[in-house]
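Protein chains in written order, with the numbering used here: chain A, 1 to 552; chain B, 553 to 659; chain C, 660 to 831.
Keep in mind that the hints were calculated from the coordinates and are not lab data. Cβ coordinates follow ideal geometry from the N, Cα and C atoms, glycine included. Among these hints, one or two may not hold up.
Have a look at the derived ranges for each label pair, beta carbon to beta carbon [as the list claims (entries may be wrong)]:
hint, chain 1, residue 1, chain 2, residue 2, range
1, A, E530, B, L630, 49 to 57 Å
2, C, R704, A, S24, 47 to 55 Å
3, C, G828, A, G195, 31 to 39 Å
4, C, D827, B, L653, 53 to 61 Å
5, C, G828, A, K330, 33 to 41 Å
6, C, S802, A, E33, 26 to 34 Å
7, C, D671, B, L653, 55 to 63 Å
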Amino acid sequence: MYVYDAFDRRLLAERVVEFRDQVSRRLSGELTEEEFKPLRLMNGVYLQLHAYMLRIAIPYGTLSTLQLRKLAEIARKYDRGYGHFTTRQNIQFHWIKLAELPDAMAELAKVGMHGMQTSGNNVRNITTDQWAGAAPDEIEDPRIWAELIRQHVTLHPEFSFMPRKFKIAVGASDRDRAALRIHDMALRLHRNAAGETGFEVMVGGGLGRTPYLAQTIKAFLPKRDVLSYVEAVLRTYNQFGRRDNIWKARIKILVHDLGAEAFAKEVDAEWQSIKDGALALEPDMVADIAGRFRYPDYEKLDDSPRELVTARRSVRGFDVWLSNCVTSHKVPGYAIVTLSLKPEGGTPGDCTAAQMNKLADLADRYSFGEVRVGHEQNLTLPHVAQRDLPALWRELGANGLAQTNVNLISDIISCPGLDYCSLANARSIPIAQEISRRFHDLDRQRNLGRLHINISGCINACGHHHVGHIGILGVEKNGEEFYQITLGGKADENATLGTLIGPAVPYAQVADVVEDIAAAYLDLRDRPEELFIDTVKRLGIAPFRERVYAAR
Amino acid sequence: MTSPLDQKKIKIAGPVVVTANRVDDGAVVYRSPDGGWTTELGGAAIVIDADSAHALAETAADDDLHAIGPYIAPVKLLPGGSVRPGNLRELIRRGGPTIELPTPLES
Amino acid sequence: MPLVENGQIVQDRYHYLSDEEPIPERVRVIVPAQRFLANADELIRRDGSLGVLWPNDRRIAELAPWLGHLALVALQFPKFRDGRAYSQARLLRETYGFRGTLRATGDVLRDQFHFLIRAGFDSFEVKKPADAHAFVEAANRYSVVYQPSADGRTPALRRRVQDRTELDGQNN
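My request is simple: use the sequences and hints to build the entire structure.
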């Protein structure tokens, strides 16, 4: 948990004052919408179909219970009692009034939260693995570096009006849980042959109309140089990224057009001139930030305590939940618990104010007051003592938070789509809901195993459909909603873009198509343990395409 | 349903209105015949040719003190004289999300 | 379009030279880039302060050889959303050490003053008179900055460490 200091709080307070002034000048007419729009976007205020939308940053997906309770309060006071967790570890409120926003932002600032740079042509929320600081396989906590970079790019005078948005992710393990390769820039902490820890730097990933996976432009960057290198990349992008066409303005286009090598050379030329200047990170600067991350006061506990063993043996349903939703922690005797926000027939990622408050209570009691948000739109309690798991599970169940579908077919990732978003061509939530209803049977889901469905309501791909095992993209044809289906996408360390299997299918048939694909998988897998994604990789899309389009 | 970003080339194939979102709260509004804005589709100015539609949209765009992002949207005129949104996007804008919203369990 | 320097609206002492008009002597001029490069030798020998209006899509490196002869560089914001001149400004100040007047022209609005000043601009052709009058207030909006830039302000990262060192010093 990063603890804000006086500097952080003052900056936020000053930002609120500035925004209040900007809103008042907008409402009085002193600012036109054209002038105001980029300013409100820089504070995360979008206009959507029915109302304004406020997107609040949750830096690297980490929330304190104090902050979670404040989000519940915002939901009740300024919105309709619920919020939506996004694929970039942020939260959105969909019914905000502009005139009330300065007050809402002042409230958020009290707990160190804001909407700064969750929109606009600047550097957006820096995301990491939602298990950061708890996962056994990370080499160190990536959030410290995410925070260093976050501060560096916040209200950065040079990079607030770039050609387009810029998304950064930081990872620290071989298993990629942060979808690094779909980001404009990704930094992966690792050890080189000499045993030193540094960053692999990848640039040029991004989904949307022209999806690309990021390419490595620097195999090993010493920690000392991370800010200057980020600066060099952003400066190169700011100067040379295209500004003539909104669909060609991301850095992925620049990297692709120049070629990764030429791009890397351009960055390096700039970097050489600044790397030993004011941006070189001194150890005490890093230590200062690292020192303000508070870690739990762990007890000395053993793995597999009596409470856990007993419950596994004798409590119905507990073991299933355990195997699906709980994963090992780097500290003995502890565990990481994932809470699914994908109830049957529900909207993926939505959470009511009451649930937020309940979760905050549980996090205080069982997780040292800390909650995480993942890009899969689920929540995590990162530090739960194993002996508390049975009690926690019972309380989660009583509050509708013990869904056992994590990573299963009904654990769908979906953008808000045409029900909310003014960019959308088609609805996504009802598609997710229907699929979730069809596959509600847990035994059936477990038989299908790990299967990621991603749904986007338009080509902007906020649902990350390109990297779904099954990807669903809503399009419009003659005023009707149709959906393109892709297979074989992956968002992990073997990131892959999915392949289109055939012509788009109408709204009413999408759930049937998913059932056909699932049925085909069961027929085609060479053994029950072969995951869906591996069957697709082994056989290609042809047999699935045949099954889906045979009767259509 | 396509985001109506560039409507200069739009073909008017039937009755249309100009719609936007209110500045202070983002609510859906329609340009009314008296040059104001109404939240009621029934009170919207309806035109049936491209020139009138563009003229209506232009004056609406000048009024960004009250409403933003105006664009031309289709409507359906029913026999009784009532007006309905002309496509799914406009139906959703007027009627709200097609899904049930989470019920806040107030504590 | 009011010109703001040192927090005040001032008279522009420079004259923007067009592409055709004869080059006057003993007058402060701002010359368009193309014309400057074509006549650089002549212009730098001229009696009178020299400025250049540089487009936002040409590398500053092209202008760099001449900076020692320039009293002013004017950079452009065709639309305020087009932020290329921020990079150009920082390169001029920090990489090339330009110490003359750095002027922001074009779509220059109040909400960019903080960024413009930090990027190294010290002369502003402000689009709206009301913004010009609000310059000082807008420019002082933020007492905390997170990153080093051309204005030399100490970023929070360093201030924290300095504060800690002072505190440690006091406690010893």
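Results for each hint:
1. E530(A) <-> L630(B): 49 to 57 Å: 56 Å, holds
2. R704(C) <-> S24(A): 47 to 55 Å: 53 Å, holds
3. G828(C) <-> G195(A): 31 to 39 Å: The hinted range 31 to 39 Å holds for G828(C) and G195(A), with Cβ atoms some 36 Å apart.
4. D827(C) <-> L653(B): 53 to 61 Å: Holds, at about 55 Å.
5. G828(C) <-> K330(A): 33 to 41 Å: Holds, since G828(C) and K330(A) (Cβ atoms, about 38 Å apart) stay within the stated range.
6. S802(C) <-> E33(A): 26 to 34 Å: Since the Cβ atoms of S802(C) and E33(A) sit about 30 Å apart, the hinted range of 26 to 34 Å holds.
7. D671(C) <-> L653(B): 55 to 63 Å: 57 Å, holds
When each numbered hint is compared with the structure, no violation occurs for any of them.
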